[in-house]
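Number of protein chains: 6
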Amino acid sequence: MSTLSEQLQNLGLKKLRPSGREPDQMREVRITRNFTKHAEGSVLVEFGDTKVLCTASVDRGVPRFLRGSGSGWVTAEYGMLPRSTNTRSDREAARGKQGGRTVEIQRLIGRSLRAAMDLKKLGENTITIDCDVLQADGGTRTASITGAFVALQDAINVLKKDKNGAMKGDPIKHQLAAVSVGIYEGHPVLDLDYAEDSKAHTDMNVIMTASGGFVEVQGTAEGEPYTQDELNAMLSLASKGIGELVKIQSAALQE
Amino acid sequence: MSTLSEQLQNLGLKKLRPSGREPDQMREVRITRNFTKHAEGSVLVEFGDTKVLCTASVDRGVPRFLRGSGSGWVTAEYGMLPRSTNTRSDREAARGKQGGRTVEIQRLIGRSLRAAMDLKKLGENTITIDCDVLQADGGTRTASITGAFVALQDAINVLKKDKNGAMKGDPIKHQLAAVSVGIYEGHPVLDLDYAEDSKAHTDMNVIMTASGGFVEVQGTAEGEPYTQDELNAMLSLASKGIGELVKIQSAALQE
Amino acid sequence: MSTLSEQLQNLGLKKLRPSGREPDQMREVRITRNFTKHAEGSVLVEFGDTKVLCTASVDRGVPRFLRGSGSGWVTAEYGMLPRSTNTRSDREAARGKQGGRTVEIQRLIGRSLRAAMDLKKLGENTITIDCDVLQADGGTRTASITGAFVALQDAINVLKKDKNGAMKGDPIKHQLAAVSVGIYEGHPVLDLDYAEDSKAHTDMNVIMTASGGFVEVQGTAEGEPYTQDELNAMLSLASKGIGELVKIQSAALQE
Amino acid sequence: MSTLSEQLQNLGLKKLRPSGREPDQMREVRITRNFTKHAEGSVLVEFGDTKVLCTASVDRGVPRFLRGSGSGWVTAEYGMLPRSTNTRSDREAARGKQGGRTVEIQRLIGRSLRAAMDLKKLGENTITIDCDVLQADGGTRTASITGAFVALQDAINVLKKDKNGAMKGDPIKHQLAAVSVGIYEGHPVLDLDYAEDSKAHTDMNVIMTASGGFVEVQGTAEGEPYTQDELNAMLSLASKGIGELVKIQSAALQE
Amino acid sequence: MSTLSEQLQNLGLKKLRPSGREPDQMREVRITRNFTKHAEGSVLVEFGDTKVLCTASVDRGVPRFLRGSGSGWVTAEYGMLPRSTNTRSDREAARGKQGGRTVEIQRLIGRSLRAAMDLKKLGENTITIDCDVLQADGGTRTASITGAFVALQDAINVLKKDKNGAMKGDPIKHQLAAVSVGIYEGHPVLDLDYAEDSKAHTDMNVIMTASGGFVEVQGTAEGEPYTQDELNAMLSLASKGIGELVKIQSAALQE
Amino acid sequence: MSTLSEQLQNLGLKKLRPSGREPDQMREVRITRNFTKHAEGSVLVEFGDTKVLCTASVDRGVPRFLRGSGSGWVTAEYGMLPRSTNTRSDREAARGKQGGRTVEIQRLIGRSLRAAMDLKKLGENTITIDCDVLQADGGTRTASITGAFVALQDAINVLKKDKNGAMKGDPIKHQLAAVSVGIYEGHPVLDLDYAEDSKAHTDMNVIMTASGGFVEVQGTAEGEPYTQDELNAMLSLASKGIGELVKIQSAALQE
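Protein chains in written order, with my numbering: chain U, 1 to 255; chain A, 1 to 255; chain D, 1 to 255; chain G, 1 to 255; chain C, 1 to 255; chain B, 1 to 255.
By construction, these hints were calculated from the structure, which means they are not laboratory data.
Fair warning: there could be bad hints in the mix.
If you want a taste of the chain B side facing chain C, the calculated C-beta under 10 Å gives, among others [stated by the list, open to error]:
(1) Gly-20
(2) Asp-24
(3) Arg-95
(4) Ile-172
(5) Glu-222
(6) Tyr-226
Glycine included, each C-beta is placed from N, C-alpha and C at the ideal position.
With the hints as extra help, turn the sequences into a complete structure.
If you want it as structure tokens, here you go:
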């Protein structure tokens, strides 16, 4: 049975996507560890022209609501440099508050990473993930999560070597990656760039484990509602993309 | 073929849910229109003990980015009264900022309602939806959206009668309702109350049209990742619940 | 001797007030206890179309300046739902600060309730009163205080039953109610609704104890200064109104 | 008939007040015009050790809600220098918000001054009153209003000389002054200083016109409720104090 | 050898400066101690028409980062009364944040004063300097520092007399004063007033010790860059001005 | 005549600086243009391990105070990524305000760049410089200014090619660079890294033009005051460093 992209090629629809990619083709993904020197984990993740610096910082101690519980905490913050986008956007620090989109994204990142962990085994340590977008071209939140996992793993490795780190075994239960899928020009596509994202009828972010479990699915109809069949097609593309991302993460972690 | 709840009964598992409800049973839902007198639409929606006041306010004119476009706008704000919950939470107005959860929810409400509308037909009018939780017992965001749709319809009806309202046909494309589903004690259940929500392994909010299209699906693994089968089971329960909600909305709108 | 309203009737001035009320006639007042389920005290108070939800929340412990003093604390917060008014007003949580009017009112509510109490007998407990206006038609601050007293009494009753509550006798020294009076169209009137309030030359809020003591008098000339005689006439009307409110509170508390 | 202070002397109660003042005796009041050089009106007002700098600044134009109405506006802001008090208090500009007390006071000042004016005659000009407390010893709000009136008059005089000022006659309808009264150690006293204010059972601020009309009465029971007789006694003392303040204002304005 | 001002006079350039001052002539400087009564140090400093109230407030204890270190802390806050300037500026407390210029100045004041002290000898005490500009005519930051030093010395003297003050010797290492210099109309001038400051090509603030050491030099080209020769000429003028200021400080401290 | 570093070598003081650099030796400086793709100018500047991304963004129009003046505007914002430093610092956007140090630095950057320009020739365009520190190791503000100048030049070149850009000739009057100098272990040194900066007795930032004019000199005594001789020695080192930086800028601009 031919793939959707093969069928499209048969029909002569070679330019479905602005980038010329196949519907099920990810952008080139690069993961650079130790991009900066101070953080316990520091990863530059690139999904094509989308570039996000993900750092993981370890602090002893936990927020008040966990003190004495023996459990650790993982939280995330997200930001875009003002000119990471085509038009300069206001600096949130200067405006005095984080926008709704920022808040939504950083909550998603933190929640996903915590779902991949056994916080009890982390001991009373806090790991703060910072995802700062240096250059945006669509998919910053999925790139952030994919890079953040690698930074988190590096930080955990630092903690493992620390005899006073109070870890109680490996707190990472699942390897985690994220990718966007959507309905673009009526067709399901994988890993939308900005040109696609801004025109897609449906935009879905999927966060999965290496073993294929769903950690978060967020699918939003921008124009028309989507059907169960479209949902299934998108999940299937996402699963393919996650498989590739997991391999790239693993390769980076073995360097 | 027997339903899941019948199978459970056969197994003698009568007390799966704290409330004694069947897995596919919604709480009692009540929709009271004209709950307050000033707003163009004012709806008290109750999902069991969850009570939300949804108002729709019409203003002539649109935000700057739409001026002159001929298009209208729908936006939403969400709040919880400080003691709508079991333990009093800080008043956001006194703290000086809305929390991340609030921001996330009000963005969801606004986005969903806009997806149900043809904003061009609304003309340069803005409708602001306020969802204020008087009493919380789980599912405040899905109750909010379900009630907000009715308040929105009432406000549109007011605009329709207004000869200067600049409407260009019926801007409502889809009837919309929302419900939560989840995996509780290993079983998919419909319309989680607080006792379930706080212990569910997976929590999913589903927003659908009366004709069965998906407008938003947000499924979060709180503990373990969920499988494709679990996802499908949850979507199936959601579809059943949305069917019931749509009927209750329609009945209320015909009173 | 004939009352002022009788004298007015004799003069054929039947339509002094927009509502058709007599000058010394209160709106219908309703007090509904246990309006919501979580708070120790939860009261819906209605002065005609003005509807305020007053909750009283008990917390162990006191603010820093009272720690170790053995004394308790009572504080209040006030808010209006954005569309409780004829025109939607900004949500204070979204604007990031409470307006001056809000601050002024919540300080008044807290100060009055504290004046009715012996905080030493409360022990080191804090009671937070939340007054949230669901629908506004004038007199929201006086309705708030009148309802808040009942919610406070209910919360104190909960504390009385709590063996660890650290109470040292009944902390309520005075039953308290509040009413507005004013000079409308040149005549003193009791319990102004919005139609009157927005045109009154003088607006006075009076908070009194059941035994007739003054706790707070705030009389503001909106247009022309008022005389000692007008002041006395207003205080006299207020005294009559407080007498009726105290009875309604007592009846509600005995249900 | 002997005065209250004479009666007290007869009883040998010579040291009722910490300052040694008679119950009906004001502190020494000084009004210095042109205290700083930039403002249209600049007045240092001293009630004993309470020292407030009141400036009145004229701006052409009015806030949006008045544009095109032909009417002017008067507004006030109030602040305390951080070490104007015995213990340093936080600088509100550094904390990022004005406290509730500040908001309450500046609303009182602005409201009172507007009640003394015919804003229509002011034309579309805005006068901003700034009352900044250099040294506090009780009664800062009443000193502020008393000084602000003189600064306002000076600013009006500047506008009168301005041919382009758009004034339409004298906008000042009433001369205005303010004084505090209270129940201290069971006795009504005039013009409370900090030593009295911090221990008074009742604290009342009275704002009156030169012709004896009430503009604002705010009487608060700090401990026990007060009676109608006590209220009358306080108003009587206030009336005496206002009479003296009005003379001092007039004398200062004629210098 | 003739001075620069003598040379200018020889050239007939008598009106170089708007004020008629010589290039190396300071404005009249006055220092009034005990200007207000509550603060441990309270100084009104006047550089001509620039008037700043500097208070020094002593608190036991230090900020968290110094607790247990045995070392004290000195910090400063700066503000301008809204109408201290020719045109009224917004009240920072009402705007909800301090402007950039304010932040820059208060950091400079605090940093300079700390550089003059041995904080170890201060013991775990915090001294907060408040510099509030009552009237501005250029040079408010240099007047602030010059006055703040005197207020600081007064506060230290209070601490010296306090047996429980935990001081460990005299914490003041250097007497400190500050003055502005600049290039005005092509000539170096000392102690710029507003008329000069607003037109100067270069503006330099110099903070020196009584013994001639530099604590801070901040020289900014407003128009054209300045040369090493101009820099040296400005520093020379500053040194002369500091010498005079130090004498005025010392005289004030001996009163 | 031997240089200071030669003299030191003669004395056997080979390890004065932690990095092993000579006293007058800069770190390796790299300037990478077009580091990101969206901004009109985008420069990564590296002073050793200090890495700052400087972007220049062009907007048509100017702030309100310049509208209609025909003049342009240049402004700057500065930020540090939370983990650009050894210990993670709070994200300013999350805290809700920029810290004092940030405000101080971004004002310095903007002021310096404006001093290098003829804003009249820029026409009514605004250029916003963003300096975001990816990795910090001392000297972030001087690296920022040095890199920002190159980004600014690139943005000006974009404007030059734009026929509608309203430029009136080359607005850049001076090439600008910045470097830090200080007194470390008693010796003047050039271009302090963090290890030196944190222990230096004096820290001076010098901003100069390619032709040797001073644009800004800010010299702060951290411990002991510094002498005129030390000031001169530091300025001499700065002049040498600026000469090198200007060459590196020019080389980068010719690539």
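How the hints compare with the structure:
A distance limit of 10 Å between C-beta atoms decides the matter here; for Gly-20 (chain B) the minimum to chain C is near 30 Å, and the interface restraint is violated. Checking Asp-24 (chain B) against chain C: minimum C-beta separation of about 18 Å lies over 10 Å; hint violated. For Arg-95 (chain B), the suggested interface contact is broken, since its CB lies about 12 Å from the closest CB of chain C, more than 10 Å. With 10 Å as the threshold, the beta carbon of Ile-172 (chain B) stays out of range of chain C, its nearest partner Cβ sitting at about 13 Å, so the hint is violated.
Proximity of Glu-222 (chain B) to chain C holds as hinted, the smallest CB-CB distance being about 7 Å (cut-off 10 Å). For Tyr-226 (chain B), the interface hint holds, since its Cβ comes within 10 Å of a Cβ in chain C; the closest pair sits about 5 Å apart.
Violated hints, in rising order: 1, 2, 3, 4; the structure is consistent with all others.
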